[in-house]
Amino acid sequence: MKIENVVCPFCGCLCDDIVVEVEDSRITAVKNACASGRSLFLNAHTQAVQPKVNGEEVDWPQAIDAAARILNDAASPLIYGLSSTASEAQRKAIALADLLGATIDSTSSVCHGPTTIGIQNQGEPTCTLGEVKHRADLLIFWGCNPAEAHQRHFSRYSALAKGKLTPNGRKDRTVVVVDVRPTASSRRADIFLQVRPGCDFEVLAALRALLKGQHLDVDEVGGVGVVQLQDLVERMKSCRFGVIFFGMGVTQTGGKHLNVAELLALVAELNAYTRFTTMPMRGHGNVAGADSTLTWQTGYPFAVNFARGYPQYNPGEFTAVDVLARGEADAALIIASDPVAHFPRQAAQRLSQIPTIVLDPEINLTAQVARVMLPTAIYGVSAAGTAYRMDNVPLPLKKVVESPRPTDEQVLDWMIERVKTCLA
Amino acid sequence: MLGIINGEVYDPRNGINGEVRDIWIEDGKIVSASAASPPELGGTEGGRDAAEIIDATGLVVMPGGVDIHSHIVGAKVNAGRKFRPEDHRDHVRSRTSLGPPFRGEVRGATRSGSGYTVPSTYMTGYLYAEMGYTTVMEAATAPLVARHTHEELEDTPILDKGVFITMGNNHFIMNCIRNGQREKARDYVAWLLEATKGYAIKIVNPGGVENWKWGRNVSELDDEVIGFGVTPRQIVTTLAWINDELGLPHVPHIHAINLGQSGNARTTVEMIEALEGRRAHFCHLQFLSYGGKPGKRLRSGAAEVARAVNEHPNITIDVGQIIFGPATTMTSDGPLQYRLHQLTGNKWLNDDVEGETGGGVVPMQYKRNNPFNAVQWLTGMELFLLIDDPWRVFLTTDHPNAGPFFYYPQVIKLLMDRDYRAEMLAGIHHRARKGALLAELDREYSLYEIAIITRAGTARALGLQNKGHLGVGADADVTIYAKLDDKEEMFARPRYVLKDGEVVVRDGRLVHERPGRTLYVTPPYDAGIEADLRTHFEECYTISFDNYPVAAEYLPHCEVVPCA
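Top line first, the protein sequences correspond to chains A and B.
Under the working numbering, the first residue of the first sequence carries the number 1, and numbering increases by one thereafter.
Under the working numbering, the first residue of the second sequence carries the number 1, and numbering increases by one thereafter.
Errors might be hidden in some of the hints.
[Claimed, not checked] Covered, in the sense of this in silico footprint (three residues per stretch, anywhere, with C-beta under 8 Å from a C-beta of chain B), are these stretches of chain A: (1) 133 to 146; (2) 385 to 395.
[Stated by the list, open to error] Per label pair, the in silico range of CB-to-CB distance: (3) B:G295 x A:Q230: 32 to 38 Å; (4) A:W60 x B:G28: 33 to 39 Å; (5) B:E26 x A:W60: 39 to 45 Å; (6) B:R534 x A:D219: 52 to 58 Å; (7) B:F545 x A:S36: 33 to 39 Å; (8) A:V19 x B:A552: 21 to 27 Å; (9) A:R26 x B:E26: 22 to 28 Å; (10) A:E4 x B:A552: 17 to 23 Å; (11) A:Q50 x B:P562: 46 to 52 Å; (12) B:E86 x A:I191: 36 to 42 Å.
Just so you know, the hints here were simulated from the structure itself, not pulled from any lab data.
From the three backbone atoms N, C-alpha and C, an ideal C-beta is built for every residue, glycine too.
Using the sequences and the accompanying hints, generate a full structural model.
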């Protein structure tokens, strides 16, 4: 059976032109996807797996019971992850956090969390990817490497895409890459500006100064010649429609949200000359959805704590790494994420000391230290739902193969019901 | 069966003006509203014994409030929430177990939330219900992100809701107009409303939002839309024709051009006249009723606009009354939002949506002692008092653009109490006050008229046959108020609110959470249009045609409202 227009849930591009062939409930071929997407579909194992409690296989009601007890007994539970599951499951996870008075945080906090803080300071002139495809004649990629991390971004949405005002694709656009080292993306750029590591803020500030017509008394800023910066400013002012895509090279280097706020200010100011927009290169398939669902249910996009009965927001206090590293979390529910593999040692270690519950299709590193392992269907492969693209366009995920496993949403629903009866 | 007996009933659609009536409810519907007990109950005694009774003696009974224009969910609202943590910090709501059992029954729990001008979804549902409103229309959604809007609506409890779909800068429609294919545009609009599960056609700054993608705008009805060769006039008149052809329950819902600018009363009146008698609704008209010269000092142009509205019975309007205090401006009007960013220096969100529309968000603070804001405030008041027919002027604050919806009770007091109004007028900037027409207007709204501008009239304008009245067959959405002299207090804290016949609020506090329904339309269209649409999608969109429509699974609680 051939299934068309499948949305690939791997990265924030959410390419929705994937063709998947299924025979006997197995995916046999994948067309149009990049290497990562193809691998996600082809390696999707969907066989039945029993949940485990303390390493022992149990049935689902027993596993849910154990998980609910852990969460109910905790004084300060943490719910973390969310970015690789559907928004329907995210909404349930937030409901559970509200019910428990828990802390809830998504992978945003170790990724584009500083982007959110920058936006909260400065606003965000942005657009959907179709506007980039059809209008943008100047593309700047700053601290990101789509050629390797968002592999179809160039061809579907940006550098190579042929749009209404850009019928010749790459020839109709100027591509600039700003990064601390040459990358696969910089090799495809017209202009590459190599910034000294940690100097993004200075370079952005210099661009703002030059835009305002101020004279800089130096020859170079952050490793980039002022002549090159002046040239970039002229290109930005005179383009038809410009866009800056930015990644963790901006958000996770020294200065963090200050870098982002500076970048956003520059983009806003450019609108006095022409139309200019910007967009964070969101990584996980539905990390934008995690921001969205948390925001509409609580008012805040990440780092939310319900201990007082209402949502409080404080990155640095309620972010997952911090509540773990400080030893505040006394139980954890990890949904569709692998923090033991990615968190700083102190935070990762805490997860092995406290009762941890993992909800994930994969037996990842976190699952190996977890007290309760709840194996679920794979979103976008064996579970339907909704995901939000990096430009916040929501797309429907298909269930292309059947799986005997429950979905994240179902398991969270069971958990909510069980927690409610425990509370009563 | 549930009875609301001996209440002083205001049901303008059925001509009931403060008469004492008994209202009987069964299966979520009004089954009887009469001076005597319903005959089918087999006499007063037997019927009353069998039913739950709310004794409304001395209380005011109205249909549940119906809001015709409010921004409560979707991409723009959520972007506003996300970038305004400062709005939420001091305005929170705790989760509850809903207090003591109601009639022996424990009614579950409510969700927590936060936000003042942009509250979270659950909180929005609760706050509206606690103010006696049971139906709210989300005023603008870009079709491409309608799926997001419906996800949020499902998380907005109690209220019945509908979504207006922005179409005033849509490439497919503008191409059809240029090529003289209005029938094709009609079929597209019908398809689009079904695909997005929308309720009405919304037009925002027709052509201006497309031009903003070039850093420009439109300022006259006959300005050209770049790349399309069509004009705001053509867009508005074509969509008004389409609306009539499809027999949609509502009319085209129009946010006109030049919003917020001095002298825009002229272009607003021109747009009313351009419709040549076709029905339309003009939203938050206060922002579009200014005199003075373009770029110069702002003055009220309410008299000029109100005259045009009075002379054109095909037009309904809502006011978008300014509330002094914090607000969050959010519209699909991209160039307007950029202008507000420049004027205020406040942070600015912009979001251009491919081939369809755009939008932006800018925080705002309306101040009594700011001459500009003071003029805006009195312009809204003047519109309320100068438009003669209450069935054609409705209460909104264009939430959260002119102020939060939970200030409606204050606006009601301003309309019902001229002394309070005079007191407010005395407190605004002297330059705005000087020579203001408002000082001479001593009209006071009656409770009957308030019932029209907050439920009966809005329900009629929306084409909602089962809302905004208490006649037999109506949805049993009922609000019961204590009759107080202070009208703000009276309307801020209803004694009871019933949704579909169930008590959801008592004494101004939520006692029962239940889901509301999403109302949408499914006008017929020629399915032959899909081939054209597939080509259009391949050329214009970054998502496939098949992934665009919002499937029925997104609306587990819904109701199709029939077209004529």
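Violating hint indices (sorted, rising): Hints 7 and 9 contradicted; others consistent.
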